[in-house]
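**Q** Counting from 12, one number per residue, gives the positions in the sequence shown under my numbering.
Rather than coming from a laboratory, the hints here were simulated on the basis of the structure.
Just so you know, even glycine gets a beta-carbon here, dropped at the ideal spot from N, CA and C.
If a hint is listed, it holds; no wrong ones were tucked in.
Label pairs and their in silico Cβ distance ranges: (1) R184 / D133: 30 to 36 Å; (2) D94 / P173: 29 to 35 Å; (3) D133 / H29: 29 to 35 Å.
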Amino acid sequence: MSEAARALFLDRDGVINHDAGYTHAWERFRFVDGIFALGRAARARGYLLVVVTNQAGIGRGLYTEADFHALTARMCERFAREDAPIARVYFDPTHPEHGLGAYRRASPLRKPAPGMLLAARDDLGVSLPASVLVGDKPSDIEAGQRAGVRATLLYAPEGETPICTPPPTAVVRTLEEAIDWL
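All chains, please: the whole structure from these sequences, using the hints.
**A** Next comes the structure, spelled out in structure tokens:
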């Protein structure tokens with residue numbers, strides 16, 4: 012039996028790209044400084060890059076799943092050009108209070124639930140205890156901890172650091188600082 016893969020789990024809005032609020036158009040998508048260096052370092056150390064992102068804007072009717080997939084394809088193309096290919100993107104379009112129609116429900120995939128990370132474990136053979144998560148919200152950190160990820164890193168580049176219960180493994184102010192945790 013082959014050794015399980017390690018993953019670097021990345022939240023999207025606020026970690027991969029600047030969070031402009033329900034970002035769904037390529038014209039508004041701006042990469043965060045250091046994301047490609049982090050991706051290349053992870054790949055060099057044998058990690059798969061896996062994106063885990065809540066996308067309640069879909070459920071709220073602000074954009075469509077087709078919009079999300081079109082933007083995701085362009086994002087993945089750019090990562091591939093930067094020699095940091097993304098292995099898989101997991102997303103959850105629901106919202107338990109503000110979702111419309113079928114999107115208004117609780118979901119085991121929506122962070123802080125660990126469902127997206129557990130799916131990566133099952134789909135990609137990822138060892139969660141050997142993996143690292145970088146997120147910018149308490150819900151990201153909680154999802155990683157509930158899934159049993161080795162290190163949960165809160166990316167807080169400026170201003171106040173959100174309070175996470177339980178706390179993250181570490182707070183990083185730049186994405187380059189996260190490289191030390193790989």
